[in-house]
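Residue numbers (my numbering), protein chains in the order written: chain H, 1 to 192; chain Z, 1 to 99.
For the record, the hints were derived by calculation from the structure and aren't laboratory data.
There's no promise every hint is true.
[Unchecked claim] One-sided and incomplete, this derived list gives chain Z residues near chain H with beta-carbon spacing under 7 angstroms:
(1) Leu14
(2) Leu16
(3) Thr25
(4) Leu29
(5) Leu30
(6) Leu40
(7) Thr47
(8) Val58
(9) His70
(10) Trp82
(11) Tyr94
(12) Met98
By construction, the Cβ of each residue, glycine as well, lies at the ideal position given by its N, Cα and C atoms.
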Amino acid sequence: MALAAHPTHPQPRVPGQPDMWFFILFEAFLFTSYFIVYMVCRVQDPATFLQSQQLLSLPIGVFNTLILLVSSWSMARCVQASRDHHYPAALNGAYLTIAFGLCFAALKVLEWTLEFDKGIGITTNEYFSFYFFLTGMHFLHLLIGFIFLGIVVAQLRRGHQRSQTLVETSATYWHMVDFLWINIFALLYVVR
Amino acid sequence: MHTPNTPALSDKRLTLVWVILSAITLAQLLVLVGDSPGHLNPNAVATFSIILISLFKVRLIIREFMEVRHAPPWLRWGTDAWLATTAVGLLGTYMIGMA
């Protein structure tokens, strides 16, 4: 009854396991330190960084951003559906998220391949060292994200004793992959 | 386990957030294609806008998709502290470096 009387002011709760949040905050601050080092180097040689970033494919970068955003949306819907015990809908959300994640990975590999074909590599200049390091680190996190998506699917397919906490914890990791990319995209592809 | 809103309301809210995030991303693209290749110059206003808009997008993801808006204060403040640190670190470095 209390819940019905205050439907928009629920009790505060941590989504998923608190340990995952400590890990995510640690990772977020770690990436921020990478970003600041990148910015320190960028302001020392802005011409080279601007010239180099024009060699990237902006359409692929934007499309990949949109793909990760829609993957986060489907993951959030999956969590909601699972919480409401709508497990088939939740599973569909999880499969959609995996599909979008695979699209992102395929496009990222294609983008790297196009860059290698142009003769661009990690040793080309300082900008591309950062580019391959940051996108490579992000790709590693994306691959780990697939393990968490597998955990979500496994939980949702269980006939009984599903763990909503594990579903939420895994979803939290996946959203981190999304928001890290948004910062990487801004810094590598867009800033002036 | 409680449900903050009805499922239909939650779905609509999530979809609205996704539409806003995608619209901002596409708007950024439309502004950027206006730049002529080969003629890019450092631009403090553009850089500040881009970084702040990106952090706004990240905050939307954290608050809405990650459900931090319903989280205890330590988590809401912790995530906001990270966003503030990132904003100050990046914009401060840019300002000092380009001065």
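Against the structure shown, which of the earlier numbered hints fail to hold, in ascending order? 2 and 5
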